[in-house]
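S.K.: What follows is each chain in one-letter form.
There are 2 protein chains.
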Amino acid sequence: MAAVVSAGFGKFGKRKENILEIAAESALPITRKFRDSIDFVLVSNCYSGEFNGISGLNNLVTTYLSMDALPSIRIDNTSGSGGAALFTAVSLVESGRAKSVLVVGVEKMSEKPTKEVTRIISSLLGEREKAAGPSLPSLAGLLAKDYMREFGAPRESLAQVAVKNHRNGALNPHAHIQKVLTLEQVMGSAVIVDPLRLFEISPISDGSTSILVVPDETAESFTDKPVYVKGIGMSSEAAYLTDRKTFTDIPSVRRAGEIAKRQSGVDRPDFAELHDMATVLEIVQSESLGFFKRGEGWRAVADGVTEIGGEFPINASGGLNSKGHPIGATGIAQAAEVFQQIRGEAGQRQVKHAENGMMMNMAGFGNSAVAAVMGAVR
Amino acid sequence: MAAVVSAGFGKFGKRKENILEIAAESALPITRKFRDSIDFVLVSNCYSGEFNGISGLNNLVTTYLSMDALPSIRIDNTSGSGGAALFTAVSLVESGRAKSVLVVGVEKMSEKPTKEVTRIISSLLGEREKAAGPSLPSLAGLLAKDYMREFGAPRESLAQVAVKNHRNGALNPHAHIQKVLTLEQVMGSAVIVDPLRLFEISPISDGSTSILVVPDETAESFTDKPVYVKGIGMSSEAAYLTDRKTFTDIPSVRRAGEIAKRQSGVDRPDFAELHDMATVLEIVQSESLGFFKRGEGWRAVADGVTEIGGEFPINASGGLNSKGHPIGATGIAQAAEVFQQIRGEAGQRQVKHAENGMMMNMAGFGNSAVAAVMGAVR
Chain A
35 MAAVVSAGFG KFGKRKENIL EIAAESALPI TRKFRDSIDF VLVSNCYSGE FNGISGLNNL
95 VTTYLSMDAL PSIRIDNTSG SGGAALFTAV SLVESGRAKS VLVVGVEKMS EKPTKEVTRI
155 ISSLLGEREK AAGPSLPSLA GLLAKDYMRE FGAPRESLAQ VAVKNHRNGA LNPHAHIQKV
215 LTLEQVMGSA VIVDPLRLFE ISPISDGSTS ILVVPDETAE SFTDKPVYVK GIGMSSEAAY
275 LTDRKTFTDI PSVRRAGEIA KRQSGVDRPD FAELHDMATV LEIVQSESLG FFKRGEGWRA
335 VADGVTEIGG EFPINASGGL NSKGHPIGAT GIAQAAEVFQ QIRGEAGQRQ VKHAENGMMM
395 NMAGFGNSAV AAVMGAVR
Chain B
35 MAAVVSAGFG KFGKRKENIL EIAAESALPI TRKFRDSIDF VLVSNCYSGE FNGISGLNNL
95 VTTYLSMDAL PSIRIDNTSG SGGAALFTAV SLVESGRAKS VLVVGVEKMS EKPTKEVTRI
155 ISSLLGEREK AAGPSLPSLA GLLAKDYMRE FGAPRESLAQ VAVKNHRNGA LNPHAHIQKV
215 LTLEQVMGSA VIVDPLRLFE ISPISDGSTS ILVVPDETAE SFTDKPVYVK GIGMSSEAAY
275 LTDRKTFTDI PSVRRAGEIA KRQSGVDRPD FAELHDMATV LEIVQSESLG FFKRGEGWRA
335 VADGVTEIGG EFPINASGGL NSKGHPIGAT GIAQAAEVFQ QIRGEAGQRQ VKHAENGMMM
395 NMAGFGNSAV AAVMGAVR
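Chains as they are written, first to last, in the working numbering: chain A, 35 to 412; chain B, 35 to 412.
Chain A extracted, bound-state conformation (with noise of 0.2 angstroms):
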């Protein structure tokens, strides 16, 4: 087994910085205390050839850390590649190839423009689907329709979860987007790909997160409070959206959450951090997980169960609808706000009894999932 005892916050926004920059934000507050021991490094980054030109982004990150000697590999899964990183940190160190793995997860993509960076997410699309022209928000738009179709939801049910997610990282000093939101601002935001709304959609975010990853044995050494990644689980679905049953359950996700929640023993972690990158996702994920029922995720929205003082908290952060989505960042950023809850150090946005919480990290269109469940105690 492996711990978290470390986590740097870079702030999620526009940012002018450059992507070594912005990668040493988060990595510098752990570096600072831990150099001597870090013996590995993983960066969790998607797009730094399409959106920053740049290639052997791990070896110029260790550089810019002064850290040149130190092994080093960038880890990429596209939006899951966060979790993917995090599953490789667990490996690195299960099996003693590693002692104490810093993984950063950084992304910068404000270098282009909108169009252009729904363009190159796109290109995750099988040749087949990409002929057709789809991008991943009209896929959500598309889940979003058969959502309410089929499970009777009504449409401010998925608006909802951009008003908790957006009061809730209007409490994250990291968040992208720290504003609170009304019913009728969501629902009056433009249209960007029917149904759904502009605030519905993560926005296009700079950012990075860091965490430290090392053995169970020697977490203690490194912190009075390590946070044990108990479960992690990882799965994958076609790339062919077309092969796809059904958009309502989410097979990668459910397999990960179910493999996370096996090694565990934790069946019901007491909140979690959900890839909401379209409002619906979220609800879609919590059912797939199996927190709710299959088609009731939005009565759990629409009765506050998922608040941050809700039975079931989900995206205390503010999700990916407000916290942003620096795409290599964001599995690491849910990672660290698990460990922040648990830990608990997550200041105004602190859930109660957070003894184990989930995060689950998704590529694609539920292309690849990984869950883990972390918790305070081994």
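It should be emphasised that the hints constitute simulated quantities derived from the structure, not laboratory data. Remember, it's a predicted structure, so these values are computed and weren't measured experimentally. A hint or two may mislead.
It does not matter which identical chain is meant; a pair holds if it fits inside one copy or across any two.
[To be verified] The calculated lysine-lysine pairs, modelled on DSS-like cross-linking and capped at a C-alpha distance of 27 angstroms, are:
#1 Lys50 - Lys164
#2 Lys133 - Lys164
#3 Lys327 - Lys146
#4 Lys164 - Lys279
#5 Lys164 - Lys146
#6 Lys179 - Lys327
#7 Lys45 - Lys213
#8 Lys67 - Lys259
#9 Lys149 - Lys45
#10 Lys146 - Lys50
Since chain A is already given, all that's left is putting chain B on it; use the hints.
M.R.: Just chain B, lined up with the frame of chain A:
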């Protein structure tokens, strides 16, 4: 410890097929035999975005191979991606996080014109050096001059590496350039970066190679002749080349080699596959790895020591120089060559007494290096 139990080879060269077809060419021979036991896929690739306009390559590859649900990650460490993927695969099976990892190394480079390819690859240089406009071949040119001046190596001794490696490559059915060259032909080819000539620099190639990595405990259930990864080391150096004291010793290569030798207990393997992106690099690497004294590697080439029939064969495969260098595939191709040699399955290019072999895969201009000692006996 881990073992390689199967290898699949694609033809290196200019290919008309798309990157998924190229990846499948080497992966299918393995999946046809071992599909049911494979539970993780690593795709070693650096530039699918820049060269092919594709992201999420790992997911597209598993889908193409009809292994939809398998977790997968794209591993990038520029030219050292294959080495990094081998390191990750070893860690995954040693930690028990995976039981059997298919590693697919693939790159399709020929979609872009040579000038564009060189520009893209040079995007791994630091900003201040990029501004000065060097490319990786131009750095190799500088190194060649330094090496000749420092150690009095005759110009022909460098070209002799190309003669040897093309002679070897002509015996390798997977090699890009299967053509025996005379010293006159090498020395008479076009100057690319003074003093290095066309046949001294690896060509731009498409291609893939795949291997299957399992824990040593289960290796014999896959094959009668597993090849064990007895030691594997990874190390790096500053991305900023102006920080290097010298080019004629490569610290990342030296350190990675030391780790691999120490772990394996094999100080003197029987042969090696090195990263001869340019002829002079093979010589310098053979010294940094301790196979020859500093400044004497060129003599070993001149004396035939590194020939297939020599005392210490280097790049019996033809090396990057003649086999080609499809970036993400190279490290895996090196491991696969060592695998074949140790199993005695290298045909006309078989080296004698191949009990232990080393592969050394380098990234950038020594920015990173992975060295592994592989052997027939645990």
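S.K.: Sort out which numbered hints this structure fails and list those numbers smallest first.
M.R.: Numbers 2, 3, in rising order.
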